[in-house]
Amino acid sequence: MKLVKDVVIASGEVVNELMWPPLAFGLVFFGGFVFLGLVTFSYRNVANRHRSKTSSSAHAPGHH
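Per the numbering used here, the very first residue in the sequence shown carries number 704; after that it's consecutive.
One should not assume that every hint holds.
To be verified - If you anchor each label on the Cβ, the simulated ranges turn out as follows:
{"no.": "1", "residue 1": "Phe728", "residue 2": "Asn748", "range": "33 to 43 Å"}
{"no.": "2", "residue 1": "Ser714", "residue 2": "Arg752", "range": "51 to 61 Å"}
{"no.": "3", "residue 1": "Val731", "residue 2": "Val711", "range": "30 to 40 Å"}
{"no.": "4", "residue 1": "Phe744", "residue 2": "Asn719", "range": "51 to 61 Å"}
{"no.": "5", "residue 1": "Gly729", "residue 2": "Val707", "range": "32 to 42 Å"}
{"no.": "6", "residue 1": "Phe728", "residue 2": "Val749", "range": "26 to 36 Å"}
{"no.": "7", "residue 1": "Leu741", "residue 2": "Lys705", "range": "31 to 41 Å"}
{"no.": "8", "residue 1": "Gly735", "residue 2": "Lys705", "range": "39 to 49 Å"}
{"no.": "9", "residue 1": "Val711", "residue 2": "Tyr746", "range": "51 to 61 Å"}
{"no.": "10", "residue 1": "Lys708", "residue 2": "Phe738", "range": "41 to 51 Å"}
{"no.": "11", "residue 1": "Gly715", "residue 2": "Asn748", "range": "55 to 65 Å"}
No wet-lab data here; the hints were simulated from the structure.
Just so it is clear, CB atoms sit at the ideal spot from N, CA and C, and this is done for glycine as well.
Sequences are here, hints too, so could you generate the full structure?
Here you go:
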């Protein structure tokens, strides 16, 4: 029983300090997601920029 008591007492002493406040972590991750969203958005409609790739012969029957 003494072991359980010692573990409970020792567990209260563990302190994990963050290098920034939690709000800063949230803002950094939110900024990263916004950046990745902008990168993804920048690639929209890229296939339609090349006329030779979207010709009607590319969609002819019998081509897979």
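The hints, checked one at a time:
Look at Phe728 against Asn748: about 34 Å separates their beta carbons, and that is inside 33 to 43 Å. The beta-carbon spacing between Ser714 and Arg752, approximately 60 Å, falls within the hinted interval of 51 to 61 Å. Taken as a hint, the range 30 to 40 Å holds for the pair Val731 and Val711, whose Cβ atoms sit roughly 35 Å apart. Checked against the given bound of 51 to 61 Å, the beta carbons of Phe744 and Asn719, roughly 37 Å apart, lie outside it.
With their beta carbons about 37 Å apart, Gly729 and Val707 fall inside the hinted range of 32 to 42 Å. At about 33 Å, the CB distance of Phe728 to Val749 agrees with the hint of 26 to 36 Å. Checking the proposed 31 to 41 Å range against Leu741 and Lys705 shows it is violated: the Cβ atoms sit about 58 Å from each other. At roughly 48 Å, the beta-carbon separation of Gly735 and Lys705 lies within the given 39 to 49 Å, and the hint holds.
Distance hint for Val711 and Tyr746: a CB-CB separation of about 54 Å, consistent with the stated range 51 to 61 Å. Between Lys708 and Phe738 the beta carbons are some 50 Å apart, a value that agrees with the proposed interval 41 to 51 Å. For the pair Gly715 and Asn748, the beta carbons lie near 57 Å from each other, so the given range of 55 to 65 Å is met.
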